[in-house]
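Add chain B to chain A, keeping to what the hints say.
There are 2 protein chains.
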Amino acid sequence: MQFYLDGFRPGDPDVRPEAAKMDGVPDVVDVLVIGNGPAGSLLAAQLAEFGGISTRFIERRQTPMEKGQADGVQCRTVEMFCAFGLADQLNREAYHITETAFWGPDEDNRGIVRTGRVIDTEEGISEFGHVIINQARLQQYLVGKMGQAPTRLAPEFGMEVMDVRLPEEESEPVRVTVRQLNVEGQPETVIKARYVVGCDGARSTVRRALGVRLVGDPQFHGWGVLDVLGQSDFPDIRRKSIIVSPTGGLAVIPREGGYLTRLYVDLGDIEPGEAIRERVTEEYIVEAAKRLFAPYAFEPRQIPWWSMYEVAQRVTERFDDVPDSERGTRSPRVFIAGDACHTHSAKAGGGMNISMQDTFNLGWKLAAVLEGRSPASLLDTYNAERQPIAQEFIDFDKAWALMVDGKTADGEDVSTDEIRARFTDIGRFTAGVATRYPGGLIVGDDRHQKLANGYTVGMRFHSAQVARLADTRRMHLGHVHEADGRWRLYAFADRAPVTSPASRLRALCDFLAGDPESPVRRFTPPGADIDGVFDVRGVLQQSHDEVESGDLPALLRPVKGSLGLTDHEKAFTPDINGGADIFDLREIDRERGALVVVRPDQYVAHVLPLDARGELTAFFARFMTAAG
Amino acid sequence: MQFYLDGFRPGDPDVRPEAAKMDGVPDVVDVLVIGNGPAGSLLAAQLAEFGGISTRFIERRQTPMEKGQADGVQCRTVEMFCAFGLADQLNREAYHITETAFWGPDEDNRGIVRTGRVIDTEEGISEFGHVIINQARLQQYLVGKMGQAPTRLAPEFGMEVMDVRLPEEESEPVRVTVRQLNVEGQPETVIKARYVVGCDGARSTVRRALGVRLVGDPQFHGWGVLDVLGQSDFPDIRRKSIIVSPTGGLAVIPREGGYLTRLYVDLGDIEPGEAIRERVTEEYIVEAAKRLFAPYAFEPRQIPWWSMYEVAQRVTERFDDVPDSERGTRSPRVFIAGDACHTHSAKAGGGMNISMQDTFNLGWKLAAVLEGRSPASLLDTYNAERQPIAQEFIDFDKAWALMVDGKTADGEDVSTDEIRARFTDIGRFTAGVATRYPGGLIVGDDRHQKLANGYTVGMRFHSAQVARLADTRRMHLGHVHEADGRWRLYAFADRAPVTSPASRLRALCDFLAGDPESPVRRFTPPGADIDGVFDVRGVLQQSHDEVESGDLPALLRPVKGSLGLTDHEKAFTPDINGGADIFDLREIDRERGALVVVRPDQYVAHVLPLDARGELTAFFARFMTAAG
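Protein sequence lines, in the order shown, are assigned to chains A and B.
Residues 1 to 628 (this note's numbering) are what the first sequence spells out, left to right.
Residues 629 to 1256 (this note's numbering) are what the second sequence spells out, left to right.
Pulled out of the complex, with its shape left as it was, chain A reads as follows:
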């Protein structure tokens, strides 16, 4: 954590200086975020970081959510929470999945036996693990974060969206009619916003207003969900367990705090048109769970939350208000994210994660456009990037959910051994690290990929250990990446020492800092710190004993802030503690080095040679506006 750049401030450094207040609530807010679920909360937390952007964050529920719903947090999501400074708290409270146990029918087909256990997340996939915590807590973390951000944003509860009206003219705002449920008489009001993001769930009003539909085949299969504090002699009650019992499927997900368990209970097939919600009660699900656990006992003592659902894997064909026929002629003004545009089974544990990834993708783009750093066309990439990811996950989810139920797509039986083998295969997918954005406006081509094979263009930046030069602190390079809308340029040194005139790293830094044609000079607003838009970090091949801070190019020891202080945290050396060297681990070309360009949402946008100045500038010029 860095703080006190502009002077000492007493108290909690996570509480950032408050941005200058705008004069009242502006008539037209920059962004209206609808829905205090995971997607909306993450977006609001992201936008709250920008002092010059006005945001309102509304929620239909009249009070904050306290329990229930999703609970699986993928490695990739923990990485993202790390960028928000929330990973430590999350890791401290959450249950950590280490192994998944598989259970199948016993010999007599009357009860269940363990068929094996596998490591849940393959070593090296991420520096973080796969954790479980209630969705309500995640939302609380994010709401806490936005309350400490420069804009001190807070959700407004009891605000039900009645209607969303797109403007006729580009210059006009979107108009959202809201009924205020917490106000006497429940009056309606109209909120005008430059951009509207509907994170309002599977029954999204915003989606309906856009005239898009969730498309997918119903599965006609019912599941009950229980959060249970209870007694059981099931041996893996504190391990994630996938059970295929003679009478159906059961998934056991241990939860935070050491006592709570989430169960997904197979309720069997449903007749099309059957109103399963009418016959299924809490007791019904408990009885089903008891049968599935046999011969082990299962006795609930408290059920803080339960629900039931029919699996519905659906996705909308677009995630914004621009129909195909108009794509490219105008940029979107209204977006949908999360369950509003894709719903999943609970099996692959992805839904909440993908929802937050949606808005992490969108948030920095909205900020760049609203701050005038990028043209509105940048916003076209949200739909282009996220809709295919949702579609891909739905396809995966369908196959996996069937498999967990013991069936192939063709209705063949699948053994738990087969499930177990497949489980390991799909690890990167369920860890959330398989996402790959194709080349496009903000993702470069892969011509120079071989300079850094471990940083696949279009995939998330995979952190690794390094040592900070100034204080030899061993740390994760990726953890310097905060959710602040800035681009990271990781410059991995070439063979020449950084002190040498032959150093390409030094030449790159001097170009970036000094050449009016460099992206840093062209796209950083006057008056901003030199790392205000591009945060350049250097990773040397030399050991920390061989280099002094004063040897670094000026860009790697920049003077910043109102007091003119030196930032000493820009340069790193390979990890000194005997672990794998980042150059080897991520396959960096030691002769030539590499420049790894990382987007504000932690995805690798480009890999370039250190001396590819024209290419670098041209890349950013595609979607950045020269600072004025």
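Derived from the structure by calculation, the hints contain no laboratory data.
Worth double-checking, as some hints may not be accurate.
[What the hints assert, rightly or not] Here are some chain B residues pointing at chain A (derived, C-beta under 10 Å):
| id | residue |
| --- | --- |
| 1 | G635 |
| 2 | D640 |
| 3 | P641 |
| 4 | M693 |
| 5 | I725 |
| 6 | T726 |
| 7 | L857 |
| 8 | Q859 |
| 9 | P863 |
| 10 | D864 |
| 11 | R867 |
| 12 | D1173 |
| 13 | L1191 |
Just so you know, even glycine gets a beta-carbon here, dropped at the ideal spot from N, CA and C.
Only chain B this time, still in chain A's reference frame:
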């Protein structure tokens, strides 16, 4: 973290259920803690955990401290903060010392050159590092913690102690007269308390009231202290540096946030009786620092805090109200802790740490006596244990402070090479892990030490990695130890598998849970959970694949709480991830196993054979009262 034992509760699990309110403020409070410094804050945070104990926590300052004073946090202190659930936050915010740089005069004796760097904390000394953060932040953490504890304790500011009157009769309270500085007219009030703890600093009113004096030789040497946000080209500005320059000594302590630096600036010798405070100004110290940094530049941009002091290494001969002549005839009612009874140089960075260790030592004893679990004689051990530790540290500090100034006790010059060599030698001391309490009421003899050579009787329990049986979570065994006043009994298994009738571990657990003569049965109050006083944890030699939860003795899967839930976090297996096995690392006798008894303040009280039932019971019977 474990929570929801008594049912689900929404929100932050660190905010524990509030204890039943007492009827108003009791006429006589159980404990009055005086002073919101490190010692007092830690004590108040500890006492706040006990819902049945009434505590008041007063401070003379009219508002909370915001900056300045101490900043060094030893490994041992981070371990202690871990018990309070505060280590993650501390580690996230603090500066981490990895290396210490040594600088000495250059060849011409006109400037300084680096003579070397050494690793600051030897690998393996503690799972935590040596960190730096402002004392004010530590106090804020502790005040936050007590506000979330069952008693929701908070400091009362502007309360100046005028007088402390000891009772004539045992049954009477101590009377403390307080002037309320924040109340109009500053009225006086009398607080009656069963116990009073003066953590009121070097000019302690409580100490004066007890008639004890800080004893020690003045050093007649002045030091300036600066917290600086500034510019410097000194190459180790972000490393802890000990500089012996031609004109004197300078210590550079990098601080939290990446920009702030603490400097200790040598102001030279002082004439006895000289009023150094009158001639020394902020500018004077800055100018001295500039000379000491030469040939490197040093330019402050903001100085949030500065001070000056004459080194005064002093200690009182006792830490409570009982004179030697009365020792053993009555137990203490008033205690002093922290700077009130020992003051140090800043060189060894120990003062704040030792102060908090004082009250961590005292807090659980007060709770045990006030809850009726131990006789008041337990309180005699506070002075007996802590006074010699302070004396020992003062002696060490004197020698070390001279050495850092480049002198031996005999006034000989010391080279920085010699300082560097000595620095490594004393690592365990400055890490805070050298403390060893001698055998006595609450520390057993070392007859069975060889069963667990890595757990020295009288020293702090040194954590190591294990895997939790129920969920294979890799974790530190020592981190199960919360600051909750409970004893930990770590039962390391003998060679026999836990399922075998020959298992001594199983026999021990069955004895503890079932035999009316066992300490668990004798000293745990009726109605309390079976781990309410003794938290027994089993460490198996078997791998987690070889044991099922159901194989464990009942004591290692106890049923607890109002809902009757099983605690699955009592049993561990050796770390499975290829690291060192805890049995080897801590030299546990694999044939016979070992029972390591750990006090509520994390110190090893005893090492016993698993079958030493009589010895175990006899040990606790020395200072525990049978529950009734």
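Results of checking the hints against the structure:
no., hint, verdict
1, G635, "holds, 5 Å"
2, D640, "holds, 7 Å"
3, P641, "holds, 6 Å"
4, M693, "holds, 9 Å"
5, I725, "holds, 8 Å"
6, T726, "holds, 4 Å"
7, L857, "holds, 6 Å"
8, Q859, "holds, 6 Å"
9, P863, "holds, 5 Å"
10, D864, "holds, 8 Å"
11, R867, "holds, 6 Å"
12, D1173, "holds, 8 Å"
13, L1191, "holds, 4 Å"
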